[in-house]
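Let chain S serve as the given structure and place chain W on it in line with the hints.
Sequence lines, in order, name chains S and W. Per my numbering, the very first residue in the first sequence carries number 471; after that it's consecutive. Per my numbering, the very first residue in the second sequence carries number 716; after that it's consecutive.
The set of hints was computed from the structure by calculation and includes no laboratory data. What you were told as hints is all true, and nothing was included just to trick you.
Derived coverage of chain W by chain S (criterion: at least 3 residues anywhere in the stretch with Cβ under 8 Å from a Cβ of chain S; other residues may be distant): (1) 744–755; (2) 766–776; (3) 839–848; (4) 940–950.
Owing to the predicted nature of the structure, the values given are computational and were not obtained by experimental measurement. All C-beta atoms in this analysis are idealised placements derived from N, C-alpha and C, irrespective of residue type, glycine included.
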Amino acid sequence: MTQSLFIRRKTLFPLYEINLLGAEDKQLLEVSRELGVGLNLGEMKKVQDYFQRKERNPTDVELQTIGQTWSEHCFHKTFKDKIQFDGKKIDSLLKTYIAKATEKVNPKWCFSVFEDNAGIVSFDKDYGVAIKVETHNHPSAVEPFGGAATGTGGVIRDILGVWADPIACTDILGFGPLDFDYKKLPAGVKHPKYVYRGVVAGIGSYGNNMGIPTVNGAVCFDESYVGNVVVYCGCVGLLPLSKFRKNAKAGDIIVVAGGRTGLDGIHGVTFASAELTEKSEAVSRPAVQIANPIEEEKLKRAIIEIRDSELASAITDLGGGGLSSAVGETAKKFGCGAEVELDKVPLKHSGMAPWEIYVSESQERMLLTVPKENLEKVLEVFEKEDVEATPIGRLTTDGVLILRYERVKVAELDISFLFKPPHTVRITKYESPEFEEPSFPEPSDLSEILRRLLSSPNIASKESIVRTYDHEVKGNTVIKPLQGVHAGPNDAAVLKPLSDSWKGIVLSCGINPCYGKIDPYWMAASAIDEAVRNNVAVGGRRIALLDNFTWGNPEKPERLGSLVKACEACYDVATALGTPFISGKDSLYNESPLGPVTPTLLISALGIVPDIRLAVSMETKASGDIIYLVGETFKELGGSEYYRLRGVLGKTVPKVRVAQVRSVFKAVTAAIDSGLVKACHDLSEGGLAVAAAEMCFAGGYGMKLDLRKVPREVFLDRDDYILFSESNSRFLVEISKRGSAEFENLMKGKPFAALGKTTRDKRLRFLGLKGKTVLEDSVDELGSTWRKALSSEV
Amino acid sequence: MKRVDIKICILRVGGTNCDAETKRSFEELGAKADIVHVNELVKRRNLAEYSALVFPGGFSYGDYVRAGAIWAKWILARLGKELEAFVDDGRPILGICNGFQVLVEAGLLPAFNGISQQPEAALASNVRGYGCRWISLKHENMGKCIFTQKVPKGKVLRMPIAHGEGRFVFPKEKEKEFLKKLYDNDQLVFRYCTGDGEYAEGRFPENPNGSFHDIAGICNPEGTVFGLMPHPERAFYWWQQPDWTSKTRMPEYCDGKLVFESLIDYLERKS
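Isolated chain S, as found in the complex:
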């Protein structure tokens, strides 16, 4: 370190003063770099200005605290700051689009949105459901097992952080192609197969060990994920809303509970807010934490008991930024200051500097504020569960954060300053790239195409992953990720969390990275449509959404431009469907030596079903039933799996016709409620052909369907396009003959048609536009093609 900038204080422990007062711009940046705090010049100048007013130099603890609090990961600058887009001024993407959609929909059943660690909606009687989905991309790229495991651990703590008992996990993953050429792998980038195995094992290990069923998810493969693995971990919890405590006040004791604090997970947030480079492995390995699910299991038990006996006044998890973020945000939330004695924090190993203790992101820790009179009882509860819990400080009245180590004051910062990073205005625009619609003759063998689609990694069965996750623990999983004896792919999971109620929770997701390569707006719109229709397909309604963005470096104008487009779609489609956003998270700076990540928006949907006995699965139930196609088919093959097979991207991605979607979804829900629907399956990757095949082999029946009957746009005049188009808002529905008149009555005015029937012979047959069979195949063989493809890869 340069002598003149860094002055060692005469303390028995490591503490530096940074000579900031007279520093020039160059030196400010040097300080930021040396300390690894990731602050830019504008931010360093604001810091300098603050300490000039205080007429003293900052300590390393103070600069680290500011660096953590102002990081993209903790403060979400991109989503909160001003953006000039195509001449239009946007004051915060979050406020202008995401939260705005919620405001417009304004449902009564939202209990807490965008405010706490997780979104909360009301469920049944006094119960609410909390849900959160996190990204853990960067850590998983460096250390797949640990990164994914701690991603799961972290999101479970988010649920505990709103006093909810975790009841289910989800995971949505994006990997590079598993057969990626080793020779093309740049230094520092791990092979997709290695990453895949580690991530899957990491997620399974955490959820299984904690006894939380992993019930829903998706896996996508894309070249751009080779350098930027995508790991979304979600968790759902249940809480009695009357036990939701959020009333901390000055004088309350700050207690840290759970695992000890160590050198793992230092600067995780700074790392998450930067691009991955060749050196990430060496430099950032310590940024990945070490997982210990059993510690968190014990912590969970104690927290639920403390919740039920109403002993604490507030709770939050220690995630990104560690104590620095948890203490600061708690103080800010309750209009308090805080005093913390860092030497009280239990450590994994001695010799940690105060700043390291304050920013460490070691796992399995929670922060509680406890009224003085309850402290002893709270500590007793933790002790009973063999969980270490330590009072480390208290909330104060003065709005100042004071940190001490061995009685030496090592930091004193105004909370008001800490939470006001300088605003930036980013200027951007979006220019849609030029794409071309491919032209090729219609293939003669469409069965061959269907088989290849079923074995494409994006469509093929994920059974080899799903079976390594316990999806049955707690004994409440009603609709499981794999349906029935033939393990078909269900559209959503249904849980029955309360013993004395038939009400169910419906979990689903939507993700379409391939469309994002062509059009970020329609990609986002499609993800919402897919998440919601998956939910609707099993009987879900009253649906709440979560958004998780994985994007490239937002400081690059074109990346930011596409982000704005995606946010616009979020507002447009969510308001049209009446589905509010209740929580979200972004992961930006997903760039590696191989380039940026394909803009990927994950939409998670949380619905309810009033009675789980109404829930519908996707497998065919009997022969002789009528198969209806609900929704209109367009020539929308841009970004489709069919085009991908042919090695082209295309141009026309699926759109969402917001004017009619909601009424189509409502009609499907009404049909399900009337008990008419024997099976329902959403149409997504691979279109009609794949959806029909899946329903057949999951149920063990065949189908004979007529493509001439498909409700479609006029220009759609090729069998392959009708079979494989991925147009949104479509379902295949199985109805008994007896129920068909009533069903048709319910669907009146919506685009729908009877395509044909289920058959006892296990053959899937499509009649083409010319009235001849254009595709015929054995259902058993289609099933085994679908089941084997991915399991033989790994």
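Frame of chain S, contents of chain W only:
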């Protein structure tokens, strides 16, 4: 004993995670079940108050070393005498999944000649790693096991498994001898089979872990201590079954209930 007087102790420790649904199963049958942390049991020394003891599923102590090994040793060290007295008194002990692993590690199963100092069997790593799926079990017991008295011999039951270490094995050199003992003492309770009741004969996925002789559950020679890898508590209600959506008629409960019912029945009949 009257049903309302039956009191089941469901033990737990850090990493236990199937206690709540196990309790629910007992309560559904009208018996009282307490979830008790081992720390509490050590403090109160009140094991004798309970009619039966359950080691539920989970990952006790993270299953470090070997699944169930740490909890087994912990229990023997702190509660060994009480546990021995409990067994000697003929009070039933049930081990599900991780609980089965604990019972084997603690020498309570198979316990050919009473509680053994060393484990006489092991639940080793699955041949194909961790797996969660529904499987079929054939009931093999001739009537000794009190936990399956309501299950006819030869009946095929369906339950889910979810474990990474469930491959039941004997020491290679004693395989034949021990298997004969299992049969002679009527200790064999469940074997993995196909849906039609054909023994799995080691085939995956019918035998999901590679268990010797397709063994899924055994009891002690007295029939009062029973361990199994599958989860009866997850196969209690009709809606827990993986294919309920395909059935037009469905009994209200499913097969796992029989295990709990048999136990409660036994306790009721016991004076």
